[in-house]
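Going line by line, the protein sequences match chains A and B. All residue numbers for the first sequence refer to the numbering used here, where the first residue is 1 and numbers rise by one. All residue numbers for the second sequence refer to the numbering used here, where the first residue is 1 and numbers rise by one.
Simulated from the structure, these hints should not be mistaken for lab results. In this text, all values refer to a predicted model and were calculated from it rather than measured experimentally. Glycine residues also receive a C-beta, built at the ideal position from the N, C-alpha and C atoms. Certain hints may be false.
Simulated crosslink set (DMTMM-like; lysine to aspartate or glutamate; CA at most 20 Å straight-line) [claimed, not checked]:
hint, chain 1, residue 1, chain 2, residue 2
1, B, K25, A, D204
2, A, K25, B, D204
3, B, K378, B, E348
4, B, K23, A, D278
5, B, K292, A, E344
6, A, K397, A, E344
7, B, K323, B, D204
8, A, K25, B, E348
Pairwise CB distance ranges (calculated) [as the list claims (entries may be wrong)]:
hint, chain 1, residue 1, chain 2, residue 2, range
9, B, K229, A, K210, 28 to 34 Å
10, B, N27, A, N21, 39 to 45 Å
11, B, N27, A, K321, 27 to 33 Å
12, B, K247, A, K29, 32 to 38 Å
13, A, N363, B, Y372, 50 to 56 Å
14, A, N181, B, K223, 44 to 50 Å
Number of protein chains: 2
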Amino acid sequence: MKIAILGYGTVGKGLVDLIDNNKEKRNIKIQSILVRDKNKYKESKYAHLITDNIEDVFNKEFDILVELIGGLHPAYEYIKRALEDKINVVTANKDMLAEYGDKLVTIAKENHVSLRFEASVGGGIPVIKPLTESLEGNIIHNMYAILNGTTNFILSKMYDEGLSYEEVLKEAQQLGFAEANPEADVEGYDAARKLSILSTLAYDRRVYWKDFYLEGISKIDMKDIHYAKKMGCKIKLVGQSKLDDKKVSGFVRPVLVDNNSLLSRVDNEYNIVVFNGDSVGEVSFVGKGAGKEATGSSVYSDVIDIFDNRLCNIDSFTKEKIKVEKIIRNNCQALLRFKSPKTEEILEFINTYVDSYDIVDSNDDELVIMVYVNSEYKINNILRLIKDEGYCKESKKLLKIS
Amino acid sequence: MKIAILGYGTVGKGLVDLIDNNKEKRNIKIQSILVRDKNKYKESKYAHLITDNIEDVFNKEFDILVELIGGLHPAYEYIKRALEDKINVVTANKDMLAEYGDKLVTIAKENHVSLRFEASVGGGIPVIKPLTESLEGNIIHNMYAILNGTTNFILSKMYDEGLSYEEVLKEAQQLGFAEANPEADVEGYDAARKLSILSTLAYDRRVYWKDFYLEGISKIDMKDIHYAKKMGCKIKLVGQSKLDDKKVSGFVRPVLVDNNSLLSRVDNEYNIVVFNGDSVGEVSFVGKGAGKEATGSSVYSDVIDIFDNRLCNIDSFTKEKIKVEKIIRNNCQALLRFKSPKTEEILEFINTYVDSYDIVDSNDDELVIMVYVNSEYKINNILRLIKDEGYCKESKKLLKIS
Chain A
1 MKIAILGYGT VGKGLVDLID NNKEKRNIKI QSILVRDKNK YKESKYAHLI
51 TDNIEDVFNK EFDILVELIG GLHPAYEYIK RALEDKINVV TANKDMLAEY
101 GDKLVTIAKE NHVSLRFEAS VGGGIPVIKP LTESLEGNII HNMYAILNGT
151 TNFILSKMYD EGLSYEEVLK EAQQLGFAEA NPEADVEGYD AARKLSILST
201 LAYDRRVYWK DFYLEGISKI DMKDIHYAKK MGCKIKLVGQ SKLDDKKVSG
251 FVRPVLVDNN SLLSRVDNEY NIVVFNGDSV GEVSFVGKGA GKEATGSSVY
301 SDVIDIFDNR LCNIDSFTKE KIKVEKIIRN NCQALLRFKS PKTEEILEFI
351 NTYVDSYDIV DSNDDELVIM VYVNSEYKIN NILRLIKDEG YCKESKKLLK
401 IS
Chain B
1 MKIAILGYGT VGKGLVDLID NNKEKRNIKI QSILVRDKNK YKESKYAHLI
51 TDNIEDVFNK EFDILVELIG GLHPAYEYIK RALEDKINVV TANKDMLAEY
101 GDKLVTIAKE NHVSLRFEAS VGGGIPVIKP LTESLEGNII HNMYAILNGT
151 TNFILSKMYD EGLSYEEVLK EAQQLGFAEA NPEADVEGYD AARKLSILST
201 LAYDRRVYWK DFYLEGISKI DMKDIHYAKK MGCKIKLVGQ SKLDDKKVSG
251 FVRPVLVDNN SLLSRVDNEY NIVVFNGDSV GEVSFVGKGA GKEATGSSVY
301 SDVIDIFDNR LCNIDSFTKE KIKVEKIIRN NCQALLRFKS PKTEEILEFI
351 NTYVDSYDIV DSNDDELVIM VYVNSEYKIN NILRLIKDEG YCKESKKLLK
401 IS
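Pulled out of the complex, with its shape left as it was, chain A reads as follows (with noise of 0.2 Å):
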C-alpha cells in the first residue's frame, strides 16, 4: 500500500512514526510527503520523500492521500482532486469536513472510494468508527461531549490553581497549547465543528456547526468557578445535540457540570464523546483530544481500514440540511448572576415565574440563584423581564447538565 502525506506537522509526524513502528506487520510505503518549505527538512531521515510542490505529489502512484495541513484551502482543492483520480483519502480535517464534508462525500460516492476522518473528532479516541459501526443498530437520541481540549485546560487550570481566564490563556499560548489567535478555540468554533460532524453521523441528516447555539469560555471569571465549586461542580465546555421528533437542538457552551459525573473526571487536554442510543444506552469514550501521538493514532487506524479493505458507507453528510434549534426546551437548572441592589425586586420576579429555586449566594456586589424550570425560554424571559423593568442590566446564566 502506498501513500502521500500533504503536512509533516505534529500529527503527520505521528503517523510516520506510526507507520515505521509496525513496518514489519504492515507494508505501507510513504511515496511523498508535502510541506510548505522543503528546505527546513534537509537533515529529516525522510528529505528524499519531503517536497513543497503538490504536483510532485500527484505524479507519483499512490493508493491513499492523508491530508493533514488542516484549513479549507488548498486542502479541499487536494482532496477533491485525489478522489476524482479514484484514490482514498484520510483526513484529520474538522473544519473542512464541516464546511464541505456533503460535497466531498458525494465525490467519494461517485468515484468509489473512500474518505475518512476519525482523527477528525477527538483526537486519539475512536469515536467515528464505534458510532457508525458499533453502534449501528442503534437510535441515537442525543449526544453530550467535552470536545476541545485548548479549552478544557483552561478551565481545568482556572478550577485547579485559581487564575484567572486571561493569564491561563496566556500560560496555555505559551506552551503551544492554545493558538496565537485563540479565537476557534475559546469561542466554541472548533468544538461546534465536531459536534457537527458527530451530529451528522449520529442523526443521518445534515447538521451545519454554525446552526448551533455557541457561547465560548472568554466570560468565565473567578466568581463563576466560585460558585461553581460551591455546588459542587466544575465548569466545562460541552457540546450537547438532541434528536426529538425528527428535530435536532443542539449548542456549545460553557454549563455546570456535577463532580458526580464522568464529564466533571475529563481534565486538561482529554476529551470526552457520550451517546445515548435506544438499545445500548449510554455509552462513553473518554481520551486524548489532540497531539501527536494519540492523533497519529486514529489517522493510522483510517490506513489501516484502507489497507484491510474494510468499507464503510457513511452518507449521513449529503442528507438535507437539517434546522437546528439553539434552546433547550425540557427541565433544565441555571445558575444566575445577577449584578444589582434591588434583590427583591429580582427574588420576586423569579418567585413568580420559576417552578422552584435556591438562592446560592446574596450579598453587596450581587445575588446568586439556581433556578429550576421546564425549559430555557423561561429563564430567558425572566431574565428580558428583569432587564426591561431596570432591576439588572447585567446577568449572567450558566445551565447545569445532568
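Knowing the structure of chain A, use the given hints to seat chain B on it.
Leaving out everything else, chain B in the frame of chain A:
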C-alpha cells in the same frame, strides 16, 4: 443475509428487536431460533422460526450462526460445526472464548470464515473492535477495567446504602441481577475471563484466565467500605493486566479507587475498560456491561460487520500461552487491617520494612494502616512475618490503584 440464532434469552430477544427495528436498512432474514423447549414460545411472533432441535437449524441455509446459549457445551460443538461448514459465527460467550478461543479461531481461519465476539466483553460497549482495529498501531502497555456488572452493582449498593454484602447479594438475586449460584461473578471468574480475552488481543499472546491472581468480593465488609470512604475512595472489583518486558502480569481483585478517578464514577451495572497505548495514551470506554438491549447492540454490530464484509484478522488466540505473573512488581499502596491488640509490635514491623505509611485508624478492635511500597512482595512478606511472630493471625489487605 440469512442468520440462525441459538438461544432466545434476553440477548437473543434484544438482537431480534434490533433486526426488526432496522429491517428497512438491512435485509437480515432470521432462518431459525434454537430454544430449549419450543412449547414455551407457541404465542411468540417468531413461533414459526423457533425449534428445539439443532438439526432443524443446520438443515436450513444460512450465512451467520449467532450463538447466545452460553456455557461450554454444546455451544462449542455447535460453533465448531458451523465454522467447519464455512459459516460465519457471532458469539457473546466469554466463558467459551476464554476456554476454547484458540481452537475456535484456528478452525475459523482454516475455513476462511469470521468468528466475532464483540458482546463477550463489556456488554454494549464497543471495545473489541476499537482495540483490534482503531488502536492497531499501538503497543498496549497495560489495561484496567471493571468488567462485571453484578459485583459492581453489589459494591455500589454497599457503598451508597450501607448494606452488607450478604444483604445486597440477596437483593440482587431477587432482582435477577445475580444468579442463584453467584460464584462466577462474585469470585471474579467472569471478570477474569473477559480480562483474558482483552489481554490476549492487546498483547497478541494467549493469556489464560485462571493464570491471573483472583480474589472475589465476598470478604468485603462494612468496615472496608468505611475506611475507603475515609480515604476518599470507593471499592471496585478491578481487572488489571500489564505487558512488561514481554511478560504479562495481572489480577482481578477488589481494590481501592480514588474518588477523582474515572473508575470511581462507574457504578452499578456499568462497566469501564481503560487501555494504555504507546501512541494514544489512555483511552477509556464506559457503558452498560450487560442487559438485553445493550448486549444485543454489540451482537448486531458483529452481524453487520459480516454483512458488510468487514474482515478482521485476529489470531492472537492461536499464539502460544504466556506465563502470567500474579503480583504487582512496581510502586503500590495498600490498606492493611490488623485485628490484634499488639499494635505497637506490628507498627514496629511496618516502620522497619515499608517505604512509608499512614495510620488510618487505631482502636481497641483493630489497627488500620496505609502503606506505600515498591512491590507487592514486600507487603506479603511483612504480613507473613507479622503472622509468624504471632502478632496478628487475621490481617486484611486491599490494594489501592491509581
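Original post:
Which numbered hints turn out to be false for this structure?
Top reply: Hint check: 5, 8, 9, 13, 14 fail, others pass.
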